[in-house]
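Student: This is what each chain is made of:
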Amino acid sequence: ETGVTQSPTHLIKTRGQQVTLRCSSQSGHNTVSWYQQALGQGPQFIFQYYREEENGRGNFPPRFSGLQFPNYSSELNVNALELDDSALYLCASSFRGTGELFFGEGSRLTVL
Amino acid sequence: QKEVEQNSGPLSVPEGAIASLNCTYSDRGSQSFFWYRQYSGKSPELIMFIYSNGDKEDGRFTAQLNKASQYVSLLIRDSQPSDSATYLCAVNRPTGNQFYFGTGTSLTVIP
Chain A
1 ETGVTQSPTH LIKTRGQQVT LRCSSQSGHN TVSWYQQALG QGPQFIFQYY REEENGRGNF
61 PPRFSGLQFP NYSSELNVNA LELDDSALYL CASSFRGTGE LFFGEGSRLT VL
Chain B
1 QKEVEQNSGP LSVPEGAIAS LNCTYSDRGS QSFFWYRQYS GKSPELIMFI YSNGDKEDGR
61 FTAQLNKASQ YVSLLIRDSQ PSDSATYLCA VNRPTGNQFY FGTGTSLTVI P
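In order, the protein sequence lines correspond to chains A and B. With the numbering used here applied, the first sequence has no gaps in its numbers, which climb one by one up to 112 at the end. With the numbering used here applied, the second sequence has no gaps in its numbers, which climb one by one up to 111 at the end.
Please keep in mind that the hints were generated in silico from the structure rather than gathered at the bench. Treat each hint with caution, since some may be false.
Derived CB-CB ranges, DEER-like [said to hold, decoys possible]:
(1) L112(A) / D58(B): 40 to 48 Å
(2) G29(B) / E100(A): 18 to 26 Å
(3) P61(A) / G59(B): 26 to 34 Å
(4) D27(B) / R51(A): 23 to 31 Å
Chain A is nowhere near these chain B residues, computed Cβ spacing over 12 Å in every case [as the list claims (entries may be wrong)]:
(5) S8
(6) A17
(7) S32
(8) P44
(9) N53
(10) E57
(11) L65
(12) K67
(13) S69
(14) G102
(15) T108
Here the structure is a predicted model, which is why all the values come from computation and not from measurement. Backbone N, C-alpha and C define an ideal beta-carbon position, used for all residues, glycine too.
Only chain A is shown next, with the shape it has when bound in the complex (with noise of 0.2 Å):
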C-alpha cells in the first residue's frame, strides 16, 4: 500500500453533471497529481498541484480543475461531464524533487 487513498472509488454519472474527486496523499508528501487512464491507455497527465498551487498541467480542457489543501490532499472536478471522460482517475502523491509518483486506487468514473 501507498498510503495514498482515494474516494470515490466507483461512481456512475450522466452526461452534463459534475463530478468531484478526491485523494490524500501519503504522509510527508507535499505534491499531488492527477491522472486519467482510459481502458488499454497508460496514464494522461491531469495537473499537479504543488503548496495548493497548480504547477503543471496537461492537455485537458478547463472543465477539469482541482485544488490541494493544507494538509495536501486535493480534489479533482469535472464539469459537463462527456461520455469520453469514462476512465479511472488516479491520483499519485510525491515529494517534490524526487519524481517518484505513488498512486492510489483510483476512482472509476463511469458517464452514461
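Go by the hints and put chain B onto chain A.
Tutor: The following block gives chain B in isolation, referenced to the frame of chain A:
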C-alpha cells in the same frame, strides 16, 4: 509522435526466462525514467527508476538507459507467473513537471 512509445505486446515468456521490455521517448530534455507495474484492475506501482546512462539493478530487475538513443529498457530475470502484468514506462520532463506514460506492455509469464 508520442512522447513515450512502448510495444503493447502481449509478450509471453516461460517461467524462469528473461523478459525484455522496451521503451523510447521523444524529448531529449527528459531527465528521469521510471518503470511501473500495473496488475489488472489495480493502480500502477513503482518498480524502478533510472537517471543516468547505463544499467541499474534491483533484485531480478535491471533498468537500462541510453540517452543518445532515447531508449529505456527493463529486464526481468527468472520471470515468475506473479510478474504477469502490464509494465508502464514513464518519463519525467522538468518543464511543467509532467510525467508521460507509454501505453504499457502486457507481459504473461507461462508456468
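Student: Against each hint, give a clear statement of whether it holds in the structure.
Tutor: Quick rundown of the hints versus the structure:
1. Between L112(A) and D58(B), the C-beta spacing of about 44 Å keeps the proposed range 40 to 48 Å intact.
2. The given range of 18 to 26 Å is respected by G29(B) and E100(A), whose C-beta atoms sit roughly 19 Å from each other.
3. At about 42 Å, the CB distance of P61(A) to G59(B) disagrees with the hint of 26 to 34 Å.
4. Remark: the range hint 23 to 31 Å for D27(B) to R51(A) is upheld by a beta-carbon distance near 26 Å.
5. At the 12 Å boundary, the C-beta of S8(B) falls inside the reach of chain A, the nearest C-beta of that chain being 8 Å off.
6. Distance check on A17(B): its Cβ is at least 25 Å (rounded) from any Cβ of chain A, clearing the 12 Å threshold; non-interface status holds.
7. With a cut of 12 Å on Cβ distances, S32(B) falls inside the contact zone with chain A, its closest approach being about 5 Å.
8. With a closest Cβ-Cβ approach of about 5 Å to chain A, P44(B) is found to fall inside the 12 Å limit, against its non-interface label.
9. Annotated as non-interface, N53(B) keeps its C-beta farther than 12 Å from every C-beta of chain A; the closest such distance is 17 Å.
10. Interface exclusion of E57(B) from chain A stands, the closest Cβ pair being 18 Å apart, more than 12 Å.
11. Residue-level check passed: L65(B) sits 14 Å from the nearest beta carbon of chain A, beyond 12 Å.
12. Its beta-carbon lying about 16 Å from the closest one in chain A, K67(B) satisfies the requirement of being farther than 12 Å from that chain.
13. Every CB of chain A is more than 12 Å from the CB of S69(B) (nearest about 21 Å), matching its label as outside the interface.
14. At the 12 Å boundary, the C-beta of G102(B) falls inside the reach of chain A, the nearest C-beta of that chain being 5 Å off.
15. Against the 12 Å criterion, T108(B) stays outside the reach of chain A, whose nearest CB is about 16 Å from its own CB.
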